[in-house]
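Visitor: Below, each chain spelled out in residue letters.
There are 2 protein chains.
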Amino acid sequence: MNAEIIAIGSELLTPFKQDTNSLFLTSRLNDMGVEVKFKSVVGDDRQNLTGVARTALSRAEIIIFMGGLGPTEDDVTRECVAEALGVPIRRDSDIVAELYARFAQRRVKMPENNARQADVIDGAEVMPNPKGSAPGQWIEGLHLGEHRVIILLPGPPFELEHMFDTEVLPRLRKIVPKAKIATMVLKCALLSESMADERAAPIYGKYTDVETTVLAGAGQVEFHLRAVAETLEEAQERVEQLAAELEDEFQDAVFSTGGESLEQIVGYYLQMRSATIAVAESCTGGLLAQRLTSISGSSRYFLGGAVVYSNDMKTLFCDVPPLMIAEHGAVSKQVAMALAEGIRKRCRATIGVGITGVAGPTGGTEEKPVGLVYVALASQPRTEVVERKFPPGDRKRIRMWAAQQALDMIRKKLI
Amino acid sequence: MNAEIIAIGSELLTPFKQDTNSLFLTSRLNDMGVEVKFKSVVGDDRQNLTGVARTALSRAEIIIFMGGLGPTEDDVTRECVAEALGVPIRRDSDIVAELYARFAQRRVKMPENNARQADVIDGAEVMPNPKGSAPGQWIEGLHLGEHRVIILLPGPPFELEHMFDTEVLPRLRKIVPKAKIATMVLKCALLSESMADERAAPIYGKYTDVETTVLAGAGQVEFHLRAVAETLEEAQERVEQLAAELEDEFQDAVFSTGGESLEQIVGYYLQMRSATIAVAESCTGGLLAQRLTSISGSSRYFLGGAVVYSNDMKTLFCDVPPLMIAEHGAVSKQVAMALAEGIRKRCRATIGVGITGVAGPTGGTEEKPVGLVYVALASQPRTEVVERKFPPGDRKRIRMWAAQQALDMIRKKLI
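Protein sequences, first through last, are from chains A and B.
Just so you know, the first sequence maps onto residues 395 to 809 in this note's numbering.
Just so you know, the second sequence maps onto residues 395 to 809 in this note's numbering.
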């Protein structure tokens with residue numbers, strides 16, 4: 395079956411706000427084998443919304459409306475869907491009573507308008523909303539000779555997600571043919587999207603029955619694999635076959651096949667090896683420490699870090715000799731190694747990491763351009779250092795790549 | 395005038411990827427006084443896309459198609475728009491020659507398919523794409539008696555943005571009536587959305603001619619104001635009046651009216667006062683340092699930071715007495731103050747900041763629950779400390795709020 399997702403709200407047509415519920419819904423629908431064919435966004439406007447509802451009824455089997463179920467004059471989803479369906483609306487006295495009771499409990503008089511939330515489209519089942527006040531609605535039946543499922547959900551994500559899982563999923567399961575779907579996510583570190591896709595396309599291109607989506611960003615490429623087959627085993631087999639071929643191609647660039655982030659994987663390895671880590675960061679300014687400590691339980695392996703922006707601090711916290719900085723510059727192989735070794739010794743960690751570079755946009759020179767980064771890893775038996783030249787121009791991106799480079803060096807050290 | 399934005403690409407109908415170009419386009423269109431009335435997402439499917447194009451032609455004056463202009467069989471935007479318009483397509487020999495030349499330069503034979511990028515809808519002006527290979531198209535004229543502007547843009551953001559600014563904007567300016575629009579953004583720190591809106595709604599509610607959008611997240615509430623009037627002066631006056639009333643209400647919680655982030659504002663103040671800063675972080679794990687150093691030029695005021703997760707490190711880097719930790723616990727007012735004072739002294743900074751808390755989800759106790767955070771600020775003449783209890787459950791959110799609390803304390807100290 396196929397679906398259309400419609401987000402309602404004028405704020406979703408501003409430059410500041412974007413519908414994200416549709417990602418959650420798409421994930422849930424895909425898991426059942428339902429494909430999303432259209433997504434629409436429309437404002438709180440009767441004419442426009444009714445038109446969008448009519449269009450959706452003509453082209454999708456499952457139609458999900460999100461938002462516009464509140465008590466204000468702007469909340470017109472109920473009326474517009476009823477009009478598009480050509481059916482009346484009735485006010486449900488049970489819901490009205492509940493609304494009054496809820497306000498009475500808070501010792502507040504209910505504003506007249508709130509009764510609008512009790513308006514039910516003729517033929518709809520009401521879906522309760524324990525997380526908020528606007529109930530949802532479920533309508534199933536023939537419209538102009540076609541079988542249609544129409545679902546009205548509240549807009550706030552925690553209300554929508556709860557209602558979808560508790561009310562909508564059980565109803566959908568009864569009518570959607572049971573699908574045999576397998577999925578897998580391969581994540582690779584430090585590859586560019588174009589390079590990764592050039593190498594991967596000839597491989598996944600052979601698997602016409604596995605859908606492959608390539609996502610890239612901030613020093614990471616992800617392959618999302620998805621197969622639909624006659625049996626679950628068959629679907630799983632196809633996904634696993636393709637995954638194995640991709641792992642052969644990308645070797646140890648693949649850091650996770652179970653959805654984990656690079657910092658999670660690094661955390662697993664550190665714990666497994668009973669190793670500890672300490673980091674000294676210049677250009678990344680705390681980003682590496684922040685990523686390592688974003689994992690709950692990281693206190694078991696993360697000892698500490700120093701953000702050493704000025705030269706004095708490099709000496710103060712990591713014992714980098716001032717003469718070394720004077721001779722080679724703060725952005726140099728030597729200083730990166732001294733940072734890694736210094737912080738390792740100070741914190742008595744198994745692994746010490748040092749990062750120094752030019753994040754820009756200013757501060758670059760011909761010899762040391764913006765984007766130049768040194769990452770060093772100190773451990774037994776010796777210290778390694780890597781020089782990277784990232785494209786200049788985007789401070790945030792250079793910092794992300796540098797932290798990613800460090801995390802991947804730690805991972806490879808621990809494999 | 396009004397507009398519809400259509401994003402094309404099956405990957406935009408997966409749970410992993412979302413159109414973001416429409417936010418850029420909406421911002422640019424709104425600046426001209428053009429309102430976006432509909433947004434649509436559709437896959438690389440001839441029938442569905444042609445249908446979407448027909449619907450858009452029936453309801454919007456300016457229609458922007460994004461994506462599907464590449465060389466592969468999946469790139470069907472040109473054909474589908476032509477079909478919806480009921481006009482033929484021709485292959486432009488100049489573009490074909492350019493494509494051949496580009497491939498020849500790289501000494502690569504051009505794949506046959508690539509010539510598809512030279513297909514031009516009858517009546518269209520071709521818009522060059524110096525950032526990529528797929529040119530854009532501009533069509534203006536009557537369709538079924540209505541004036542329509544149809545714009546085809548490439549999907550990759552840097553290609554789309556460049557083409558919009560260099561090719562589309564100058565053309566639109568000739569046909570869109572000159573609008574008198576003023577905008578302003580007020581940002582407030584450390585307010586909850588519901589509390590902020592409760593106080594703000596009675597104020598902005600009076601200004602029916604100023605559109606107010608309230609955005610909230612991670613310890614910050616933003617009021618986006620926008621007025622359209624007969625003259626630019628009038629629009630500006632209305633926006634400024636409302637902004638002044640909101641500033642009266644929220645007083646010094648308002649940290650910026652020019653779009654700046656809290657870390658930018660803190661950076662301005664530190665530079666203005668010729669002050670320097672050093673930070674010692676436990677539960678935020680480097681997030682505060684990372685935010686402070688995300689600003690280009692922060693090396694002028696940011697001296698250094700210590701991420702002191704373990705008790706030993708608190709002593710090693712910030713001279714926190716081990717007995718103090720034993721007596722009061724690592725998460726305590728005393729330790730937060732000692733961290734702030736210790737890092738200030740070590741780095742010889744004007745301001746020292748110390749953060750300690752329980753980010754969770756594990757590690758909380760009855761006395762020291764998840765969400766409890768102490769932030770201390772050491773400077774002349776004395777050290778201040780604040781205790782906050784953030785809602786437990788979301789590690790990322792607690793860390794964000796704690797860093798936000800610290801930044802806002804620095805700001806208030808420097809005002």
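Source of the hints: derived by calculation from the structure; they are not laboratory data.
A hint or two may mislead.
Where chain B lies over chain A, by a calculated footprint (3+ residues, C-beta under 8 Å) [stated by the list, open to error]:
#1 539-552
#2 752-765
For the chain A half of the interface with chain B, some residues (derived, Cβ under 8 Å), not all of them [as the list claims (entries may be wrong)]:
#3 M395
#4 E405
#5 A700
Because the structure is a prediction, the values reported are computed rather than measured.
Backbone N, C-alpha and C define an ideal beta-carbon position, used for all residues, glycine too.
Visitor: Are the hints correct? Go through all of them and say.
Guide: Status of the hints after comparison with the structure:
1. 539-552: With 0 residues closer than 8 Å to chain B, the stretch 539-552 of chain A misses the three-residue bar; violated.
2. 752-765: This one holds; 5 residues, not fewer than the three required, reach chain B with a Cβ under 8 Å.
3. M395: Hint on M395 (chain A): violated, closest Cβ of chain B at ~14 Å, above 8 Å.
4. E405: 6 Å, holds
5. A700: 6 Å, holds
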